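Can you build the whole structure from these sequences, using the hints too?
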Amino acid sequence: MSFLATLRVALSALRVNKLRSALTMLGIIIGVGAVITMVAVGAGAQARVEDQIRNLGSNLIIILSGNFTSGGVRMGSGSQPTITEDDAYALQREVPAVQAAAPALRGSGQVIFGNSNWSTQIQGTTPEYFEARQWEIATGKALDQSHVDAGAKVVLLGQTVAQSLFGDADPVGEIVRIRRVPHQVIGVLERKGQSMVGQDQDDVVLIPISTARKRVLGGRQVKSRNVSVISVRIRDGVDMATTEQEMRDLLRQRHKLAPNQEDDFFLRNLSEVLAAQEASSKVLAYLLAAIASVSLIVGGIGIMNIMLVSVTERTREIGLRMAVGARGRDILTQFLVEAVTLALIGGLIGIVIGVTASFAIGHLAGWRTEVDLASVVVAVGFSGAIGVFFGFYPARKAARLAPIDALRHE
Amino acid sequence: MSLIHTRDLAKVYQLGENEVHALAGVSVDIDEGEFIAVMGPSGSGKSTFMNVAGCLDVPSSGTYRFNGEDVSGLSADALAGIRNRSIGFVFQQFNLLPRTSALANVELPLLYAGLTAQARLPRALAKLEQVGLADRADHHPAQLSGGQQQRVAIARALVNEPKLILADEPTGALDSITSIEVMALLQDLNRAGITIVLVTHEHDIATFASRLLAFRDGKVLSDTRNIPANARDLLAARRDTPLPA
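If you read the protein sequences in the order shown, they are chains A and B.
Each residue of the first sequence is one higher than the last, beginning at 1 in the numbering used here.
Each residue of the second sequence is one higher than the last, beginning at 1001 in the numbering used here.
Everything labelled a hint here was simulated from the structure, so no lab data went into it.
Owing to the predicted nature of the structure, the values given are computational and were not obtained by experimental measurement.
Errors might be hidden in some of the hints.
[Unchecked claim] Label pairs and their calculated CB-CB ranges:
| # | chain 1 | residue 1 | chain 2 | residue 2 | range |
| --- | --- | --- | --- | --- | --- |
| 1 | B | Pro1122 | A | Glu410 | 34 to 44 Å |
| 2 | B | Tyr1013 | A | Ser12 | 28 to 38 Å |
| 3 | B | Asn1230 | A | Arg396 | 44 to 54 Å |
| 4 | A | Leu308 | B | Glu1032 | 36 to 46 Å |
| 5 | A | Arg408 | B | Asp1175 | 17 to 27 Å |
| 6 | A | Arg396 | B | Tyr1013 | 19 to 29 Å |
| 7 | A | Ser12 | B | Lys1219 | 21 to 31 Å |
| 8 | A | Arg329 | B | Pro1098 | 19 to 29 Å |
| 9 | A | Thr312 | B | Thr1207 | 36 to 46 Å |
| 10 | B | Ala1078 | A | Ala290 | 30 to 40 Å |
| 11 | B | Ala1117 | A | Arg408 | 48 to 58 Å |
| 12 | B | Pro1098 | A | Leu308 | 47 to 57 Å |
| 13 | A | Ala360 | B | Ala1078 | 49 to 59 Å |
| 14 | B | Ala1117 | A | Ala374 | 53 to 63 Å |
[Unchecked claim] Part of the chain A face toward chain B, derived, beta carbon under 10 Å:
| # | residue |
| --- | --- |
| 15 | Ser12 |
| 16 | Val16 |
| 17 | Leu19 |
| 18 | Arg316 |
| 19 | Glu317 |
| 20 | Ala323 |
| 21 | Val324 |
| 22 | Ala326 |
| 23 | Arg327 |
| 24 | Gly328 |
[As the list claims (entries may be wrong)] Every beta carbon over 10 Å from chain B, so not counted as near; a handful from chain A, in silico:
| # | residue |
| --- | --- |
| 25 | Val9 |
| 26 | Gln52 |
| 27 | Gln121 |
| 28 | Asp168 |
| 29 | Ser295 |
| 30 | Arg321 |
| 31 | Asp330 |
| 32 | Ala365 |
| 33 | Glu370 |
| 34 | Ala374 |
| 35 | Ala402 |
For every residue, glycine included, the Cβ atom is placed at its ideal position computed from N, Cα and C.
See below:
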């Protein structure tokens, strides 16, 4: 008998027992639906953490000025700027694993446009800053090297600043005064949102570092080459620890520190905190998937249960089929196909319900959910496998019946 | 050459501690075209004989040749093939698939013979027509009377053009008129050349056969010729004389 004919026999047997088929499928429907929903919730939580890391720049190392020792007196960290613009250039040049190193001078001050004003953070930096911080431009253009070389009076506004001074109008091309120095707005930065500690990262203006040093922030920093912070982005796939060590060695050498002296700078790897968060959200995702898998297995056992009942209940039918010429393998295939069909149809309905539930949870609870295609594929494959696995025993039991015993079964 | 040829056929069941000799040396020859009634009280071995003759069961010892072929050593699959092609079964409880149309029930042996749907349909319809139920092809067993269900079962037994029909108490669940109708149908088939082996414990049913085999304690007690009553004539007579009120 052809497989197609067996398939038809199995399908009509399922049609004949509609209620029982539906109840059996219910276990698989709930199981597959639960797996997909739980994985979607877990993946959503994980994706949120990953997004935060991406926002921060996952391979970002921040270099800050450290302890400064003067004549045996240890000053507090950051009390004296020790890192310089040239440190940043040297890192960029001499450590191959560094993708971008951007020095920045930080200060604060008032920005004025027309009759509105806003106090904000002023950062003087270089074009590498955007790459190092993974920060895109929303409108206009970024700083380039010529702006830095010429000490051009140009500015990029953070979203918060742009909103406060211009509302919904386009600021590009307008002139704003930063600490009374007029600058032309050349662009607006993408929204970056809150930092991990709740600081508004969009409350900032970026100007060329040369302009900041000479015209805007001024003071003691004019003469030296010191900077407040260096943001370093490490290339993907390189070892963070080794790279950190290379950077540390280079900076110590540049700062002429003897081996017994402490570092006069700090290296901060901000993604460590988030990596821990990511790990915990991963654990959560696995836990959810594991719980849901249990229900899938319970659903599979439900199929086996019903198929066993079905074999017992239909023993005479099996005997009759054998009497009119069905071979053992015809019976085996028929029951196996019945079980697999139940599992697969249940699996498909489960997918629809799982995907719907994922979106519903995302919508109603406001959680982020991400339906993972892999989880859908795995769920379907798994339900098919459940059909084979839990269907095989009852099917073999049916196929091994002696025709005469099956026919005489009461 | 006999269609059914057995020598010293024995079947032993193990029931707990006891050995039950369901068949204890049966040697019978049945020729093609015969109409045989196998009789005997329950436990006489008549059903076991029918199961072995129908290749549903294998003997413990002895020889069984069906249509010249020694079947005692054949595999389960080979026996299934013989049942499919050469033997039709009719049972007391009809054994139709529930919630399945009469047509699909009749098609069942053709399905296992590997015929396509297009090839099955005309043959199944023709057999339903032969038993007078062409107009009930799409009825489910529950929508048919007992006699009609048994006729569907006979159509199913016929659909693969078998040499032999084995009928195990085919009238056991039917009233007397319907029983005679079913016997008339079987006599028609026998006249068309099909060998029929009928198992029954009712004497009036056995009178329609041309040879009576009586079983007792797993052995053939007697083997006698019989001039069969004509079921069609009997039906006609019954119709002419209505039952007393």
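We went through each hint and held it up to the structure:
{"no.": "1", "hint": "Pro1122/B / Glu410/A: 34 to 44 Å", "verdict": "holds, 37 Å"}
{"no.": "2", "hint": "Tyr1013/B / Ser12/A: 28 to 38 Å", "verdict": "holds, 36 Å"}
{"no.": "3", "hint": "Asn1230/B / Arg396/A: 44 to 54 Å", "verdict": "holds, 50 Å"}
{"no.": "4", "hint": "Leu308/A / Glu1032/B: 36 to 46 Å", "verdict": "holds, 44 Å"}
{"no.": "5", "hint": "Arg408/A / Asp1175/B: 17 to 27 Å", "verdict": "holds, 25 Å"}
{"no.": "6", "hint": "Arg396/A / Tyr1013/B: 19 to 29 Å", "verdict": "holds, 24 Å"}
{"no.": "7", "hint": "Ser12/A / Lys1219/B: 21 to 31 Å", "verdict": "violated, 45 Å"}
{"no.": "8", "hint": "Arg329/A / Pro1098/B: 19 to 29 Å", "verdict": "holds, 24 Å"}
{"no.": "9", "hint": "Thr312/A / Thr1207/B: 36 to 46 Å", "verdict": "holds, 40 Å"}
{"no.": "10", "hint": "Ala1078/B / Ala290/A: 30 to 40 Å", "verdict": "violated, 50 Å"}
{"no.": "11", "hint": "Ala1117/B / Arg408/A: 48 to 58 Å", "verdict": "violated, 32 Å"}
{"no.": "12", "hint": "Pro1098/B / Leu308/A: 47 to 57 Å", "verdict": "violated, 20 Å"}
{"no.": "13", "hint": "Ala360/A / Ala1078/B: 49 to 59 Å", "verdict": "holds, 58 Å"}
{"no.": "14", "hint": "Ala1117/B / Ala374/A: 53 to 63 Å", "verdict": "violated, 40 Å"}
{"no.": "15", "hint": "Ser12", "verdict": "holds, 7 Å"}
{"no.": "16", "hint": "Val16", "verdict": "holds, 4 Å"}
{"no.": "17", "hint": "Leu19", "verdict": "violated, 12 Å"}
{"no.": "18", "hint": "Arg316", "verdict": "holds, 6 Å"}
{"no.": "19", "hint": "Glu317", "verdict": "holds, 6 Å"}
{"no.": "20", "hint": "Ala323", "verdict": "holds, 5 Å"}
{"no.": "21", "hint": "Val324", "verdict": "holds, 4 Å"}
{"no.": "22", "hint": "Ala326", "verdict": "holds, 5 Å"}
{"no.": "23", "hint": "Arg327", "verdict": "holds, 5 Å"}
{"no.": "24", "hint": "Gly328", "verdict": "holds, 6 Å"}
{"no.": "25", "hint": "Val9", "verdict": "violated, 7 Å"}
{"no.": "26", "hint": "Gln52", "verdict": "holds, 59 Å"}
{"no.": "27", "hint": "Gln121", "verdict": "holds, 78 Å"}
{"no.": "28", "hint": "Asp168", "verdict": "holds, 69 Å"}
{"no.": "29", "hint": "Ser295", "verdict": "holds, 32 Å"}
{"no.": "30", "hint": "Arg321", "verdict": "violated, 7 Å"}
{"no.": "31", "hint": "Asp330", "verdict": "violated, 6 Å"}
{"no.": "32", "hint": "Ala365", "verdict": "holds, 45 Å"}
{"no.": "33", "hint": "Glu370", "verdict": "holds, 45 Å"}
{"no.": "34", "hint": "Ala374", "verdict": "holds, 40 Å"}
{"no.": "35", "hint": "Ala402", "verdict": "violated, 7 Å"}
Hint check: violations occur at hints 7, 10, 11, 12, 14, 17, 25, 30, 31 and 35; the rest are consistent with the structure.
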